[in-house]
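With chain B fixed as given, assemble chain D onto it according to the hints.
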Amino acid sequence: LAKTTQPISMDSYEGQEVNITCSHNNIATNDYITWYQQFPSQGPRFIIQGYKTKVTNEVASLFIPADRKSSTLSLPRVSLSDTAVYYCLVIVGSYIPTFGRGTSLIVHP
Amino acid sequence: SAVISQKPSRDICQRGTSLTIQCQVDSQVTMMFWYRQQPGQSLTLIATANQGSEATYESGFVIDKFPISRPNLTFSTLTVSNMSPEDSSIYLCSVEEKDMRDTEAFFGQGTRLTVV
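Protein chains in written order, with the working numbering: chain B, 1 to 109; chain D, 1 to 116.
Worth flagging that the hints you see were computed from the coordinates, not collected in a lab. Worth double-checking, as some hints may not be accurate.
Stated by the list, open to error - Lysine-lysine pairs mimicking DSSO-like chemistry, simulated, CA-CA at most 30 Å apart:
| # | chain 1 | residue 1 | chain 2 | residue 2 |
| --- | --- | --- | --- | --- |
| 1 | D | K98 | D | K7 |
| 2 | B | K54 | B | K3 |
| 3 | D | K65 | D | K7 |
| 4 | D | K7 | B | K69 |
| 5 | B | K3 | B | K52 |
| 6 | B | K3 | D | K98 |
| 7 | B | K69 | B | K52 |
| 8 | B | K54 | D | K98 |
| 9 | B | K3 | B | K69 |
| 10 | D | K65 | B | K3 |
| 11 | B | K54 | B | K69 |
| 12 | B | K52 | D | K98 |
Stated by the list, open to error - A few chain B residues that don't get close to chain D, going by computed Cβ distances all over 10 Å:
| # | residue |
| --- | --- |
| 13 | P7 |
| 14 | S12 |
| 15 | E17 |
| 16 | S41 |
| 17 | G43 |
| 18 | P44 |
| 19 | Q49 |
| 20 | P65 |
| 21 | D67 |
| 22 | L80 |
What the hints assert, rightly or not - Pulled from the structure, derived: some chain B residues nowhere near chain D, Cβ distances all over 10 Å:
| # | residue |
| --- | --- |
| 23 | T34 |
| 24 | Q42 |
| 25 | I106 |
For every residue, glycine included, the Cβ atom is placed at its ideal position computed from N, Cα and C.
One chain only, chain D, in its complex shape:
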């Protein structure tokens, strides 16, 4: 199973600043996914990141606000730009693996962001 490391685990940021979240996977994966989970809510997919191409964003999310890098098959970053208190949330990266039986998604521990 894939092991995902996310950094930072938490941060408190001033409004108007930007934060870059890093996601490192211990194996090569084609697609990486970034989710947001607002307090008490479910996970919402922000974008899908493929190596060598621009990320594909879901409705309501744009590249200028959430730029994503995917320089290789084991690493990705998500930047939350020009932050406001509404961006306070948990951000998670995810990858999937298929074996003979299942397709499983594996998640990082998440980055808890508080914007003040």
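Extracted from the complex, chain B is given alone in its bound form:
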């Protein structure tokens, strides 16, 4: 299973763009990169998924370089409500691996 490494915590301010990078050096050909967001006392919530290059949805963008050994979740213009833990996962097909430690993002006023 591909192991992921991401920063334990990050701080930002309202209105800024936040980029969280995840390393997954052992990613396999069939693996997809998926990010989840978790607020306190709630289950994780899907944010975005990608295989290569760039993926964008209404919430975030995901940048994946050609070698796919890392990925960057980009949150544009964060607000206080974006304070949460963000998990990077590498998923093969229908198998859901154990979550990594995640990145605790704190957005300050």
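Chain D in isolation, oriented as in the chain B frame:
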């Protein structure tokens, strides 16, 4: 997207007793997953539950401690047996759905268990 209801949302239990957590999904799903999230920690997969077969447990988790039922494609239960304070945690059930673009996992709100 799948909607998952978990019951109870929280409970305080005496050590040595057992608690059964229910997970109801609003659509039929092949696999359901049970996770544990200890205070301040990430999620750890306990087991995968398929309808009609025994659950598959991850390393460190055993059926005697965490028996799982999966009677149909929309429902599952996880029992935490013979509880001790170390079992105090949030327990979450999860399902996945695939569409044309993504494979998403959906989670229940979790059951916050405190063992005293």
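Okay, the hints, checked on the actual structure:
1. Between the alpha carbons of K98 (chain D) and K7 (chain D) the distance comes to roughly 25 Å, so the proposed pair stays at or under 30 Å and holds.
2. With a CA separation close to 21 Å, the supplied pair K54 (chain B) and K3 (chain B) stays within the 30 Å bound.
3. For the proposed pair K65 (chain D) and K7 (chain D), the alpha carbon gap of about 19 Å is at most 30 Å, so the pair holds.
4. A threshold of 30 Å between alpha carbons decides the hint, and for K7 (chain D) with K69 (chain B) the separation of about 39 Å lies outside it, so the pair is violated.
5. Straight-line distance between C-alpha atoms of K3 (chain B) and K52 (chain B) comes to about 18 Å, which keeps the hinted pair within the 30 Å bound.
6. Simply put, K3 (chain B) and K98 (chain D) have alpha-carbon atoms about 23 Å apart, close enough for the 30 Å limit, and the pair holds.
7. The straight-line distance between the Cα atoms of K69 (chain B) and K52 (chain B) is roughly 10 Å, inside the 30 Å bound, and the hint therefore holds.
8. With a C-alpha separation of about 20 Å, the suggested pair K54 (chain B) and K98 (chain D) falls inside the 30 Å cut-off, and the hint holds.
9. Pair hint K3 (chain B) plus K69 (chain B) holds up; C-alpha atoms about 11 Å apart against a cutoff of 30 Å.
10. For the suggested pair K65 (chain D) and K3 (chain B), the alpha carbons sit about 28 Å apart, so the restraint of at most 30 Å is met.
11. Between the alpha carbons of K54 (chain B) and K69 (chain B) the distance comes to roughly 14 Å, so the proposed pair stays at or under 30 Å and holds.
12. The suggested pairing of K52 (chain B) with K98 (chain D) holds, with an alpha-carbon distance near 18 Å, which does not exceed 30 Å.
13. The non-interface label for P7 (chain B) is consistent with chain D: the shortest C-beta to C-beta separation is roughly 14 Å, beyond 10 Å.
14. For S12 (chain B), the requirement that its beta carbon stay farther than 10 Å from each beta carbon of chain D is met, with the minimum near 21 Å.
15. No Cβ of chain D comes within 10 Å of the Cβ of E17 (chain B); the nearest lies about 23 Å off, and the non-interface call holds.
16. The non-interface label for S41 (chain B) is inconsistent with chain D: the shortest C-beta to C-beta separation is roughly 7 Å, within 10 Å.
17. In this structure G43 (chain B) is not separated from chain D by more than 10 Å, as the shortest Cβ-Cβ distance comes to only about 3 Å.
18. P44 (chain B), annotated as away from the interface, has a beta carbon of chain D within 10 Å; the closest lies near 5 Å.
19. At roughly 4 Å from the closest C-beta of chain D, the C-beta of Q49 (chain B) falls inside 10 Å, breaking its exclusion from the interface.
20. The claim that P65 (chain B) lies off the interface holds: its Cβ sits roughly 20 Å from the closest Cβ of chain D, which is beyond the 10 Å cut-off.
21. For D67 (chain B), the non-interface assignment is confirmed: its Cβ lies about 22 Å from the closest Cβ of chain D, beyond the 10 Å cut-off.
22. No beta-carbon of chain D is positioned within 10 Å of the beta-carbon of L80 (chain B); the least distance is around 21 Å.
23. The claim that T34 (chain B) is not at the interface with chain D is violated, since a C-beta of that chain comes within 10 Å of its own (minimum 7 Å).
24. Residue placement check: Q42 (chain B) does not keep its beta carbon more than 10 Å from all beta carbons of chain D (closest about 6 Å).
25. With a closest Cβ-Cβ approach of about 15 Å to chain D, I106 (chain B) is found to remain outside the 10 Å limit, as its non-interface label requires.
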